Amino acid sequence: MKEQPNLNYINSLSGGDKSFKIKLISIIKKEFKIEKNIYYNNIKSEKLKLCSENVHKIKHKISILGLEKSYEIAAQYENNLREGNSALQNKFSDILNNVTNYLNKL
Amino acid sequence: MNCIIIDDEATSRTIIGELCSSYKNLNVVEVFSNAIEAIKYLNQNKTDLIFLDIHMPDFNGFDFIRTLKDPPFIILTTSDAEFAIQAFEYDCIVDYIVKPIKPERFKKSIQKVEVKLNEKVTATTTEKEKLQTVDDFYVNINKRLIKIDIQSIYLVEAKGDYIYLKTDNKNYTVHSTLKKIEEKLPDHMFLKIHRSYIININKIIDIEDNSVLIEKDIVPVSRSNRPELMKRLNLL
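Respectively, the protein sequence lines represent chains A and B. Going by our numbering, the first sequence opens with residue 1, and the numbers climb by one from there. Going by our numbering, the second sequence opens with residue 1001, and the numbers climb by one from there.
Keep in mind that the hints were calculated from the coordinates and are not lab data. All figures in this text were calculated on a predicted structure; none of them were measured in a lab. Here a beta-carbon is modelled for each residue, glycine too, at the ideal position from N, C-alpha and C. It cannot be assumed that every hint is accurate.
[Claimed, not checked] Residues from chain A shown here face chain B by an in silico Cβ test under 8 angstroms; the list is partial:
#1 Tyr9
#2 Ser12
#3 Phe20
#4 Ile27
#5 Ile28
#6 Glu31
#7 His56
#8 Lys59
#9 His60
#10 Lys61
#11 Ser63
#12 Ile64
[To be verified] Just a sample of chain A residues kept apart from chain B, beta carbon distances all over 10 angstroms, derived:
#13 Glu53
#14 Lys69
#15 Asn85
#16 Leu88
#17 Asn97
Excised from the complex, chain B in its bound form (with noise of 0.2 angstroms):
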C-alpha cells in the first residue's frame, strides 16, 4: 500500500513515518510540508492512502481533500478533535487520529483502512465479473453495428491494426486491438496463447506440441502461455 504523508510540522512528519516503517505492507512514497506541493504530485502520480493533516496555514486538510477528484483513502491528523464531526462529510476519510499519535491506535488506523481497501478490491472483481457475464457484444463494421454471440467465438487473431474475429456461423474483420477485446471476453472461456491469438477454450479439438486445433484452424502456442493453458484443460 503506498501512501503520502502531509504535515507541515516536520516533528509530525517523523513520527508518521516512524509509524509507518513498522508496517512491511505500508511504503511511504513522498512527504509534504504543505498541501499544494501534494496536489502537484497527485495529479501526476496515484496513492492509496493520505496521512492529512488538518490544521496548516493558508489551504487546511478539508480544502485540500475538495480538489481531488479521486481520493484515495485518508487518515486525518490532528492536535484536535473538533474536526471530527466535518471527517464524516467525506467518504474517504477512513480514520480520524488526535496527536500525539500512539502506535496502538496508528495499528487500528492501519487496519481500518486494509478492510476498506479489501472490500473496494471485492467491489472491482463484481464489477468485472458482471461485465463477463454479458453474453453479446456490437462490432463495427462498414458503419453497421454488428451483434457477436460470444459462445460462438472461436478465435480471435490479431493482424495489424485489425483483428479477425472466427465464429461458428461468420468470420469478421474488425479495426481494433487484440487487448480490447481481451477485455470484452469472459475469462473462464477465452485465453490468450499467443500475441496474436485467443481462443475459446471449449472449441479446442486437439493440442500437438506447440499447436492447437481449433474448427479447422491450426493456431501456435507460445512457450509462455502454454503453461496456462495446460493448467485450464480437464486432463484426464
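Looking at chain A on its own, in the form it has when it is part of the complex (with noise of 0.2 angstroms):
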C-alpha cells in the first residue's frame, strides 16, 4: 500500500497558529513545485550530480510530509546520483507524483 503523506509535523510546529500553517503550506508548495521542474530538467539532460542536489532540497519536504519510507528511497537515490547512478529514477517519480497529488488537494 503506497506511503500516504500527512500534516502531523506542520499541525506540531504550528501548534494551533492556522495562519502560520497555511504560510508554510504554501510556502512549500510553491518551492516544491520549483524543485520538482528543475529536478526534471536536470534528470532530462542527464545531469546527475544537480538531480542530487534537487532530491536533496525535495527530501526535506518529503520528510516534513511525514513519508518515512519514501524519504529513506529518496536518501538513496540522492546517495546513487552522486555516484552517476540513477536506477531509483522510477520509484522516486512515483513519491513526487503521490507528494504532488496530495499538495494540490490542500
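Each chain sits in its own coordinate frame; assemble them with the hints.
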C-alpha cells in the first residue's frame, strides 16, 4: 500500500496557529513545484550531480509530510545520483507524484 | 540573543524562524538564502548565534565557517547526519540538528547555546577581574615610562586631551583619556563621580551636598553619579 502524506509535523510546529500553517503550506507548495521542475529538467539532461542536489532539497519536504519510507528511498537515490546511478528514478517519480497529488488537495 | 538564519530553502528558513519566535530571548535579526550574503552582513555586524544549513550549492556551511575570523556560536541544520563528525572539528559549533527540526529538539539546542553563552560571559568577567588585580600600570611622560602605584592614586581629572593624575606622592599630566584610565582602574576602588573626575573612594574625607573632599581637593559630584556614590559608601 502506498504511503500517505500527512500534516502531523506541520500541525505540531504551528501549535494551532492557523495563519502560520497556511503560510508554511503555501511556501512548501511553491518551493516543491519549482524544485520538482528543476529536477525533471536536470534528469532529462542527465545532469545527475545536479539532480542529487535537487533530490536533497525535495527530501526535506518529503520528511515534513511524514513520508518515512519515501524519505529513505529519496536519501538512497540522492547518494546513487552522486555516484552516477539513476536506477531509483521511477520510484522517486512515484514519490513526487504522491506528494504533488497531496499538495494539490491542500 | 541575536541570531541569523542561513539556508537556501525557504521552507527551512520559515520553520526555523517560527521555532525561534517561541523564545523571548531569541531575536532573528536577518535571514539569508546564501552564505555569501551572510558573510557580507557579518563583516559589518555581530551576532550571537547562526542557524546554518550545511548543504548549500556553491558555498556550503563548512566553507562559510572557515571564512569567519571570530565565529559566533553556530547550530548546524541539515537533512543528513553524515556531517556530524566533521562538525566536532569546530569549537563554534554548539549543536547539529537533523531536519525536519522538532520543537523539543530545538529547545535542547537553545539550552546548549545558553550554557555556552554563560560560560563565555563568566570567562570574560574572570579575565577582567584578573586585569583588575594588577597593582600598578605605566604611563608615558616625556618618553619615559613611569610606574604608578594604583592604590596611591586619589584623583583623576580630565583636561582636554590630557588627564591629571594625582597620587599620594606626586602629580602627573598624561596624554590620555578618562575612559582609557577607567579601564585600568579596579571598580571596587575607583568611581567616576563626574564626567571629568574619577576618585579613589577609599581616600574620601567628607561629602557635602554635591562635592567630595578628597585629600585637599574639592571635587564636584554630578547628579546622575551621586546615587552610585552613596551606594558605595559604608553608611552608619
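Going through the hints against the structure:
| no. | hint | result |
| --- | --- | --- |
| 1 | Tyr9 | holds (6 angstroms) |
| 2 | Ser12 | holds (7 angstroms) |
| 3 | Phe20 | holds (6 angstroms) |
| 4 | Ile27 | holds (5 angstroms) |
| 5 | Ile28 | holds (5 angstroms) |
| 6 | Glu31 | holds (5 angstroms) |
| 7 | His56 | holds (6 angstroms) |
| 8 | Lys59 | holds (6 angstroms) |
| 9 | His60 | holds (5 angstroms) |
| 10 | Lys61 | holds (6 angstroms) |
| 11 | Ser63 | holds (5 angstroms) |
| 12 | Ile64 | holds (5 angstroms) |
| 13 | Glu53 | violated (6 angstroms) |
| 14 | Lys69 | holds (16 angstroms) |
| 15 | Asn85 | holds (18 angstroms) |
| 16 | Leu88 | holds (17 angstroms) |
| 17 | Asn97 | holds (20 angstroms) |
Of the hints listed earlier, the one the structure fails to meet is number 13.
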